[in-house]
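Student: Going line by line, the protein sequences match chains A and B.
FYI, this note's numbering numbers position 48 of the first sequence as 48, with every residue one higher than the one before it.
FYI, this note's numbering numbers position 127 of the second sequence as 127, with every residue one higher than the one before it.
If you are wondering where the hints come from, they were derived from the structure by calculation, not from laboratory data.
The structure displayed is predicted, hence computed values, not measured ones.
Errors might be hidden in some of the hints.
Said to hold, decoys possible - Examples of chain B residues lying across from chain A (beta carbon under 7 angstroms, computed):
{"#": "1", "residue": "Val130"}
{"#": "2", "residue": "Ile133"}
{"#": "3", "residue": "Ser134"}
In this text, a Cβ means the ideal position worked out from N, Cα and C, and glycines have one as well.
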Amino acid sequence: MPAEQIKIVKNGLWSNNVALVQLLGLCPLLAVSGTFINGFGLGLATLLTLVLSNTCVSVIRHWVRPEVRIPIFVLIIASIVTTIELAMNAWFHELFLVLGIFIPLIVTNCSIIARAESFASKNSVLDSALDGFMMGLGFMLVLVILGSLREMIGSGTLFANAHLMFGEGARDMLLTLGDDYPGFLLAILPPGAFIGLGLLIALKNHIDRSLQQRVAHVELPAESSGSAA
Amino acid sequence: MLFKKADAPYLSNNSNVQQLMLKVIYALIPGSIAMFWFFGWGVLFNLLIAISVCLASETMMLKFRRRPVQPALMDGSALVTACLLALALPPLAPWWLTTIASLFAIVVGKHLYGGLGFNPFNPAMVGYVVVLISFPREMTLWTPPMGVGDGWPGFMDTVTIVFSGVAPVGQTMDAITMATPIDTLKTQINLAYDTEYVRAHRVYGELFGPVSGVGWEWVNGLYLLGGIWLIKQGVIDKRIPLSFIIALILISNLFAVIDYSSYSSALFHTLSGGTMLAAFFIATDPVSASTTPKGRIIYGAGIACIAYIIRNWGGYPDGIAFAVLLMNMTVPLLDYYTQPRTYGKSERRS
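Using the sequences and the accompanying hints, generate a full structural model.
Tutor: Here it is, written out as structure tokens:
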């Protein structure tokens, strides 16, 4: 894969992650990440929206005048979200009911218009689609991790209601951690979402910093020997 | 002739954090003994668990943050947090509840914000509120005070309840525990009974003493004495407790005068639940409380009003912890708008 594409992948998944670095789309992120399945469902819907909207915006980027670009982006995103909403209503009806207002609200997720404006309107179609996919994947991963953590700590289960997405056979996926787990309500309530996201961001920053320090340690002796020579 | 010359400041004041915190601990002793007398061994277990977990997590966090452990641990601030938290928790709280509350108080409430001096919220109340909203059922495990019903369970029974979470053989949790007077009054009044009826009730009536609840009047009275000693020692400023208590008396009197049958007297409110503990020991936390004279008066009165509202119309047994946290949030604003006038400057802000 060429360097340009590797950079897009890295940006989306880690160094410019929508949820952990840009801190965009926090409203659905915090509201819906109560369980693994909710997080996964909304993450998937957002991922799909990002790929489609980035592709469409990139395709028409030569014909849209800069003065009217924002209304056009909004129109495109709104149509895509409506399509996805109708599709989910048809095929994942129960999940659609659980996620409720947050599916139509994907349209207001700032990360989607941010990618359309800052990336898709300036880059080729394939790059834009890749960018949308990676940004969406990064967002979905955070949603899934936060959702699993909150579900495990809050109610002591994992993959509850998996049948909403994967059909009746997935009911067996349910894992229970200890039968007499009293449930830690705070993790399911909104403060748990904020605290959990804060801890995830702290973890990411910590990993970044220790990586940086390791690089600095490796480079320092080379520099000093270079100056001595 | 050579005169020895001293530089300003001429006031010698040897107070340091450790001495202040030790004095707070001394002032808590009479009230804690009363708590132990009226509510039994559980109070002692709470104190032991909270102190050991708080000190251990303080050490751990200081190590993580690569700070010197010895001075920060010896300043006693973690000890005070642990004691305040333990005295606020119900006596039959299971051990893991006390542990989670203590961990949250020190790790999240204190060290994640930067340690002593940087925490915007009172750590003990952060820990208390976390377990209050997470485990509402366990937070009702109060024993009947000494002299009511069978009183509190014996030593071995308490060990069983605290460390295994189930009632001793042949007894049920409902028989051992009893709601606090504030909680009882609120529940009964919500069921459309009036205060007279509750006080005369065959079972609930026993909970109420001549002034407030049996035991609670002593506990609060002794906290009040300890608090007055703290003011005399110059450890805490008198403005916060005074404005807190006066505001609570005013607002509870107002409602009691309007409708005596559904609102308790001012005396009941000032000597019930955590009122005095909050007024002298929790609201006066030097880090998270307001620091200007006017700001402190508003801060104390604000806590009283919010606590009264939650006590009477809220869903939780006592509202003081929420009130303290809510007013902690207003402190930066209070401090900004109540800066005292500098001598020689005009009152008007430039």
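Student: Are the hints correct? Go through all of them and say.
Tutor: Here's how the hints hold up against the structure:
no.: 1; hint: Val130; result: holds (6 angstroms)
no.: 2; hint: Ile133; result: holds (6 angstroms)
no.: 3; hint: Ser134; result: holds (4 angstroms)
The structure fails none of the hints (numbered hints given earlier).
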